[in-house]
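Student: Here's the letter readout for the chains.
2 protein chains.
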Amino acid sequence: MIKLLVIGTVAYDSIETPFGKADNVLGGSALHFTNAASFFTDVGIVATVGKDFNLSDIEFLKARNVDLSGIKIDDGKTFRWEGKYGYDLNQAITLKTELNVIETFKPHVPGDFSEADFVFLANIDPVLQSSVIDQIKKPSAVVVLDTMNFWIENKLNELIDVIKRVDMLVINEAELREISKEHNLVKGARKIMAYGPSCIVVKRGEYGVLMLNREEIFLAPAFPLEDVFDPTGAGDTFAGGFMGYIANMGNTSPETLKQAIIMGTVMASFNVEDFSINRLKGLNYAEIRERYSAFKKCLQFGDITLE
Amino acid sequence: MIKLLVIGTVAYDSIETPFGKADNVLGGSALHFTNAASFFTDVGIVATVGKDFNLSDIEFLKARNVDLSGIKIDDGKTFRWEGKYGYDLNQAITLKTELNVIETFKPHVPGDFSEADFVFLANIDPVLQSSVIDQIKKPSAVVVLDTMNFWIENKLNELIDVIKRVDMLVINEAELREISKEHNLVKGARKIMAYGPSCIVVKRGEYGVLMLNREEIFLAPAFPLEDVFDPTGAGDTFAGGFMGYIANMGNTSPETLKQAIIMGTVMASFNVEDFSINRLKGLNYAEIRERYSAFKKCLQFGDITLE
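Chains as they are written, first to last, in the numbering used here: chain A, 1 to 307; chain B, 1 to 307.
It should be emphasised that the hints constitute simulated quantities derived from the structure, not laboratory data.
Bear in mind that the values here come from a model prediction, so they are computed numbers and not experimental data.
It cannot be assumed that every hint is accurate.
[As the list claims (entries may be wrong)] No more than 16 Å apart at the CA atoms, straight line, and that leaves these computed lysine to aspartate or glutamate pairs for EDC-like: (1) Lys187/A with Asp227/B; (2) Lys62/A with Glu82/A; (3) Lys281/B with Asp57/B; (4) Lys138/B with Asp167/B; (5) Lys191/B with Glu226/A; (6) Lys258/B with Glu226/A; (7) Lys296/A with Asp227/B; (8) Lys297/B with Asp303/A; (9) Lys84/A with Asp274/A; (10) Lys181/A with Asp134/B; (11) Lys137/B with Glu115/B; (12) Lys62/B with Asp88/B; (13) Lys297/B with Glu255/A.
[Said to hold, decoys possible] Just some of the chain A residues that point at chain B, by a computed CB distance under 7 Å: (14) Val127; (15) Leu128; (16) Ile152; (17) Phe229; (18) Lys258; (19) Gln259; (20) Phe301.
Just so you know, even glycine gets a beta-carbon here, dropped at the ideal spot from N, CA and C.
Just chain A, same shape as in the assembly (with noise of 0.2 Å):
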């Protein structure tokens, strides 16, 4: 039985960055989060392919206790996304975008996977996202929402219609600004959680995530990487460690929640060394932990003591 569920896509993305260039490689909103949250909690997906992908090389993700039998295999191509980066890599540049096999995407969830108890809705149309919504079992069930400008752009009413029936979204900084027209984030944000998510996590690419709830704030820089070599997937990485971590612990305490937020970004920091999903296919809890001990450290200091 799978505790975490995640709609979105499997891609092959073609990706240049000033450190090097892959052609074809595994990408994908869903495929990212899993390969992180799959360390922490047992994942289903669901997701679409062609006749073109090749199942065997996710199959690597079944040791860790991934159900791929949500991926759908339709007629036509996988998702294929082309672009690149500066040296400033906190800014994608799409060259191409083939939706193939997603543009008649109807994402389905099997009768075990409904009974999941928390939902990850990566960036797709807020209307399927919504489709997604009403197959979940489980009234309980923890649904958190990602999406980008492009909704906010053109479906910004359906968009907000999805934002009222989840309990937390994990957006961009530029994101969050466009969509409550506040340039502050703690606005923004405040303004979101009035729609109903008790909680807003934004993600500010190199400089790290603010989350919000009603209660308080938490800061979360970014791990200072000397090599960054391909910020692809950094964001759906962060929610994968994320939820996969809350998952783990099962709970939304606010502490779990911080706790969630630094794991986030210790499997993006590891997501942003390689190409794809390399880096992470073959990291070891070991190297996990580690790195969450030693950014732990860079984030700590002692109270004042002033006479």
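Guided by the hints, dock chain B onto chain A, whose structure is given.
Tutor: Okay, now just chain B, sitting in the frame of chain A:
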């Protein structure tokens, strides 16, 4: 006897932000710095102003043990800066700079100032910064340097000469990238440390501060304010809180430096709540202590409990 010497500008600023406008208000790097540092230690300022400067406007600093005797009144007008900000308060647009008395400024360090234990060289011509170091009598004095893109672009050799003579550098993110020719801040900071300084403090505006020394990295986000009114002087106020706290503690141990970074962040967070030096002018210790604690709370989280 002062403990902390600052050399920099005292200015009249005219500022426009999306939230208001202020003409000919007190500003300048040395003034913002001193306004913050004087909460923690005895400060002496070396600066120049014109005959139009109203010294009585800064007399309140004397109550905080600031020695104003190093402010020289020269023939001519006080340095003036005119700038504005859009909703992205991270970016100032300079509308006008009138150097006035700054143009012929030759900083003279009074005898009793030259024995200070801590020295902050705010952003001025690196040749003048070097001339101040020549006048420092204490070999053990901790000397900290700030600069700006103008000197990086126009007097790089002179700037590097002065960097070689200081203990720490407090610098903006973009300036560190420019001077080190490295996009990655960790790599950039290590390059600068190779010149001599043992510690680099990187200011990242609304994203906080990154501190690196040869052994460790410390990360501090900015304090999450709902209302940022005017960011002018935030960097110098940060430096003032940072250096003032260090001078108060009388050491530069790693733990002191971390607390000092947080204190600088706290002082900067007050500064941006009003125009000019207004917010810090009326600030009290209870408010400082309260915000330090509130900030610490936003940053704390537990160890992981992965099975």
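Student: Now look at each hint and say whether the structure bears it out.
Tutor: Going through the hints against the structure:
no., hint, result
1, Lys187/A with Asp227/B, "9 Å, holds"
2, Lys62/A with Glu82/A, "28 Å, violated"
3, Lys281/B with Asp57/B, "11 Å, holds"
4, Lys138/B with Asp167/B, "13 Å, holds"
5, Lys191/B with Glu226/A, "12 Å, holds"
6, Lys258/B with Glu226/A, "21 Å, violated"
7, Lys296/A with Asp227/B, "29 Å, violated"
8, Lys297/B with Asp303/A, "11 Å, holds"
9, Lys84/A with Asp274/A, "15 Å, holds"
10, Lys181/A with Asp134/B, "52 Å, violated"
11, Lys137/B with Glu115/B, "6 Å, holds"
12, Lys62/B with Asp88/B, "35 Å, violated"
13, Lys297/B with Glu255/A, "12 Å, holds"
14, Val127, "31 Å, violated"
15, Leu128, "33 Å, violated"
16, Ile152, "17 Å, violated"
17, Phe229, "11 Å, violated"
18, Lys258, "4 Å, holds"
19, Gln259, "5 Å, holds"
20, Phe301, "4 Å, holds"
The structure does not agree with the numbered hints 2, 6, 7, 10, 12, 14, 15, 16 and 17 stated previously, though it agrees with the rest.
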